[in-house]
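Chain X is fixed; fit chain W onto it per the hints.
2 protein chains.
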Amino acid sequence: MNIILLSGGSGKRLWPLSNDIRSKQFIKIFKTEDGGYESMVQRVYRQIKAVDTDAAVTIATSRTQVSAIHNQLGDEVGVSVEPYRRDTFPAIALATAYLHDVQGVAPDEPVVVCPVDPYVEDDYFIALKSLSEQAAKGEANLVLMGIEPTYPSEKYGYIIPELKDTVSPVKTFKEKPDVETAKAYISQGALWNGGVFAYKLQYVMDKAHELIDFTDYADLFDKYETLEKISFDYAVVEKEPRIQVLRFAGQWKDLGTWNTLTEAMDEPTIGEAVLNDACDNVNVINELNVPVVCMGLKDVIVSASPEGILVSDREQSSYIKPIVDKIEQQIMFAEKSWGSFRVIDVDEGSLTIKVTLNPGHRMNYHSHFRRDEIWNVISGEGTVIVDGMEQPVKPGDVITMQAGCRHTVFALTELKLIEVQLGEEISVHDKQKFELES
Amino acid sequence: MNIILLSGGSGKRLWPLSNDIRSKQFIKIFKTEDGGYESMVQRVYRQIKAVDTDAAVTIATSRTQVSAIHNQLGDEVGVSVEPYRRDTFPAIALATAYLHDVQGVAPDEPVVVCPVDPYVEDDYFIALKSLSEQAAKGEANLVLMGIEPTYPSEKYGYIIPELKDTVSPVKTFKEKPDVETAKAYISQGALWNGGVFAYKLQYVMDKAHELIDFTDYADLFDKYETLEKISFDYAVVEKEPRIQVLRFAGQWKDLGTWNTLTEAMDEPTIGEAVLNDACDNVNVINELNVPVVCMGLKDVIVSASPEGILVSDREQSSYIKPIVDKIEQQIMFAEKSWGSFRVIDVDEGSLTIKVTLNPGHRMNYHSHFRRDEIWNVISGEGTVIVDGMEQPVKPGDVITMQAGCRHTVFALTELKLIEVQLGEEISVHDKQKFELES
Numbered sequence: 103m104n105i106i107l108l109s110g111g112s113g114k115r116l117w118p119l120s121n122d123i124r125s126k127q128f129i130k131i132f133k134t135e136d137g138g139y140e141s142m143v144q145r146v147y148r149q150i151k152a153v154d155t156d157a158a159v160t161i162a163t164s165r166t167q168v169s170a171i172h173n174q175l176g177d178e179v180g181v182s183v184e185p186y187r188r189d190t191f192p193a194i195a196l197a198t199a200y201l202h203d204v205q206g207v208a209p210d211e212p213v214v215v216c217p218v219d220p221y222v223e224d225d226y227f228i229a230l231k232s233l234s235e236q237a238a239k240g241e242a243n244l245v246l247m248g249i250e251p252t253y254p255s256e257k258y259g260y261i262i263p264e265l266k267d268t269v270s271p272v273k274t275f276k277e278k279p280d281v282e283t284a285k286a287y288i289s290q291g292a293l294w295n296g297g298v299f300a301y302k303l304q305y306v307m308d309k310a311h312e313l314i315d316f317t318d319y320a321d322l323f324d325k326y327e328t329l330e331k332i333s334f335d336y337a338v339v340e341k342e343p344r345i346q347v348l349r350f351a352g353q354w355k356d357l358g359t360w361n362t363l364t365e366a367m368d369e370p371t372i373g374e375a376v377l378n379d380a381c382d383n384v385n386v387i388n389e390l391n392v393p394v395v396c397m398g399l400k401d402v403i404v405s406a407s408p409e410g411i412l413v414s415d416r417e418q419s420s421y422i423k424p425i426v427d428k429i430e431q432q433i434m435f436a437e438k439s440w441g442s443f444r445v446i447d448v449d450e451g452s453l454t455i456k457v458t459l460n461p462g463h464r465m466n467y468h469s470h471f472r473r474d475e476i477w478n479v480i481s482g483e484g485t486v487i488v489d490g491m492e493q494p495v496k497p498g499d500v501i502t503m504q505a506g507c508r509h510t511v512f513a514l515t516e517l518k519l520i521e522v523q524l525g526e527e528i529s530v531h532d533k534q535k536f537e538l539e540s
Numbered sequence: 103m104n105i106i107l108l109s110g111g112s113g114k115r116l117w118p119l120s121n122d123i124r125s126k127q128f129i130k131i132f133k134t135e136d137g138g139y140e141s142m143v144q145r146v147y148r149q150i151k152a153v154d155t156d157a158a159v160t161i162a163t164s165r166t167q168v169s170a171i172h173n174q175l176g177d178e179v180g181v182s183v184e185p186y187r188r189d190t191f192p193a194i195a196l197a198t199a200y201l202h203d204v205q206g207v208a209p210d211e212p213v214v215v216c217p218v219d220p221y222v223e224d225d226y227f228i229a230l231k232s233l234s235e236q237a238a239k240g241e242a243n244l245v246l247m248g249i250e251p252t253y254p255s256e257k258y259g260y261i262i263p264e265l266k267d268t269v270s271p272v273k274t275f276k277e278k279p280d281v282e283t284a285k286a287y288i289s290q291g292a293l294w295n296g297g298v299f300a301y302k303l304q305y306v307m308d309k310a311h312e313l314i315d316f317t318d319y320a321d322l323f324d325k326y327e328t329l330e331k332i333s334f335d336y337a338v339v340e341k342e343p344r345i346q347v348l349r350f351a352g353q354w355k356d357l358g359t360w361n362t363l364t365e366a367m368d369e370p371t372i373g374e375a376v377l378n379d380a381c382d383n384v385n386v387i388n389e390l391n392v393p394v395v396c397m398g399l400k401d402v403i404v405s406a407s408p409e410g411i412l413v414s415d416r417e418q419s420s421y422i423k424p425i426v427d428k429i430e431q432q433i434m435f436a437e438k439s440w441g442s443f444r445v446i447d448v449d450e451g452s453l454t455i456k457v458t459l460n461p462g463h464r465m466n467y468h469s470h471f472r473r474d475e476i477w478n479v480i481s482g483e484g485t486v487i488v489d490g491m492e493q494p495v496k497p498g499d500v501i502t503m504q505a506g507c508r509h510t511v512f513a514l515t516e517l518k519l520i521e522v523q524l525g526e527e528i529s530v531h532d533k534q535k536f537e538l539e540s
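Protein chains in written order, with our numbering: chain X, 103 to 540; chain W, 103 to 540.
So that you can see chain X by itself, here it is in the shape it has in the complex (with noise of 0.2 Å):
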């Protein structure tokens, strides 16, 4: 199976564990079986692979989350990067041509795209599979995936076959109705639109030759900025006489707030949490290393993280956004595709963060303009490179790098570092990267 998973933009609906660099589907909120947690990328990816183990995954997202996507899926998964914010249609067929082009998947071969973060069982990657399967029959020219309504939901759009069959030709779709009007497409038999379809790799290709002028994926990735801003429904899919619907009747569940992540919880608390016995229905996910104690809380979310801390009301917490948009604060956290940083200590002409790398990564050989930096090495063993000179560091050892300086540091082991950074205009921007020699 080919499947390209959309890995939507980054928000404040989950702040603070999400915010303008960490998108929802990276906070590892879901436990493991080993005792760790993972993030909903993480646990789709497992899932796909646990169905099967032959699955081409390609991850189709903006520049911003190839670190985080690497550092959760290692180097294997396929990612096809948007150079700009389009919307669908641009998103669909620039990785459907990486498929074709980078992949080498044949145009007859079958396509299914899938948002990276719905939360759903194993069922629904078998129905994904079919999916794949219906599509390569060939009987349309795509198939969608008809999720059961459990209620008149006012969120979805709607689908409505002609049959009650599992494969069924669609009739047609609505728009996201009111309630009573869902009511009645459901008695009509309507499903929601999960937004997940499969498709032969040269159906996209045409369409996307049909309104883009482009020659191959590394010419439609250098026009992307050029491109038009559409969605695929309205580009394809509205256009598009021949489509098939599956029914899929499994759990389906749509983490975008906080009230419905807290509800996905396997327990009430991840971190560490004291609850006392008054409280009740309390949800506390706390990623700072001190202790968050809840006494007499009652229907009530409590995320803490290096960001910020949020208490809401369970209800309150879908109305987070138009109120965290309004603070303004320097990015906290940060995965990176070598590992993390994070931000301990803010001050004037200074900032201290904290860096890990993983086993075998180095950031980029770089310099900044406007700051000096010092490394205090605190575990692990690596190969610092300072202006093209190379000394191995373990911890204890400091080193300090003059504004100019170009470094790096390379990890053998798991690399931990405490880096200070001094100057008076201290920016994320002041950065120049550079190709090392060697």
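Bear in mind the hints are in silico, worked out from the structure with no lab data behind them.
Heads up, a few of these hints could be off.
Copies of the same chain look alike in the list, so a pair counts if it fits in one copy or across any two.
With a Cα cut of at most 27 Å, we get these calculated DSS-like pairs of lysine-lysine [unchecked claim]:
hint	residue 1	residue 2
1	LYS428	LYS133
2	LYS231	LYS133
3	LYS428	LYS114
4	LYS266	LYS285
5	LYS400	LYS331
6	LYS535	LYS278
7	LYS423	LYS239
Okay, now just chain W, sitting in the frame of chain X:
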């Protein structure tokens, strides 16, 4: 006026702001005219000086609080250090001997004893002056302040006066009653006993010599460990027939719980906090440098500090002690005589702290057996002494110190360091102090 302020022990009733080394009286929670915040001990000290510029203030306290006292009140204030924790009679005897032998207070001068943490207005300190003047008259051996009750409290002891006059002989004392009994006391004209009284210095010196075999302050200090734990009430007040009470009708509050403390706040929030419109009767005290966002909460107290995060229903907050007593954690923040430090990262084999030295101050000259340290100077100027070698330091300078190496730093201006500690067994107890030769 000579005044002894009893500065009580540490505790966790106001966790995460108070802990084993930071008592509630040092939490900066009251808004000052210049827009900053002051602690209970700063507020009381300022109020005393406003009412009586010449007041000689001595704080009777344990060794652990001396740093915080000098940090918050400066070096002018007298401090009678209790080398061990005994009860109030030994503490008051020691402080009184300190006044006589160290401060040179004459035997017939009056002394006022008062807790360090009442939440009161200036009229209270005017009443303390009256108390002092009344003691000077010598009509009684002890003059107590009796606070006019505002409700039949079960939390306080009661003083029953003989007369309704401002000054009256005491008829009897009553232990903490139930509400009904309290009502009966109040109808008889009973007053709350707030633990405030005055005497002529010689009176307590005589009582001390009756019960303890000692020559002078230094001798009493040296013997302190051997003294019996006994309260001043039990040792002196209950046995004394010549006692007067002076009536005080002004505002008097004991801010010992989160509930009473937050009631005394001038504004609902301290520190970075955002409350949406659906919040009602919510207080936030946030000592972290990231925002706390509250949504749809009612009657809730939120407090965040480097030690942890409390989210509590207002009523429930009084049950905090047993819950936080179970939390074992390292001290994350401390005030010292020379400044303060805050733990900013804890990892296996390393601890990173931010050290702030006040101008003109230095830490002890010391060494560690089992850890190396690295100082990264991030702001200010000063002088570092390492194994007797002096060297000026400025931002960007790095000083590395192997285990065993003696070191200190003197701040010329406010000086900030990021200190990285490296070792397998990092402990605050691993510290040897030395005299500086110079």
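Verification of the supplied hints:
1. Taking the shortest Cα distances, LYS428 and LYS133 sit within 27 Å of each other only across copies (26 Å), while inside one copy they are farther apart (32 Å).
2. For the identical chains of this complex, LYS231 and LYS133 are intra-copy neighbours only, at 26 Å inside a copy versus 64 Å across copies, given an alpha-carbon limit of 27 Å.
3. Taking the shortest alpha-carbon separations for LYS428 and LYS114, only the intra-copy value of 11 Å comes in at or below 27 Å, while the best inter-copy value is 35 Å.
4. When the C-alpha separation of LYS266 and LYS285 is checked against a cutoff of 27 Å, the pair qualifies only within one copy, where the shortest distance is 17 Å, while the shortest distance between copies is 77 Å.
5. Taking the shortest Cα distances, LYS400 and LYS331 never come within 27 Å of each other, neither inside one copy (44 Å) nor across copies (44 Å).
6. Proximity of LYS535 to LYS278 under the C-alpha cut-off of 27 Å is found in neither arrangement, the shortest distances being 46 Å within a copy and 72 Å between copies.
7. In this assembly of identical chains, the alpha carbons of LYS423 and LYS239 never lie at most 27 Å apart, being 44 Å within a copy and 68 Å across copies at closest.
This entry does not satisfy hints 5, 6 and 7, going by the numbered hints stated previously.
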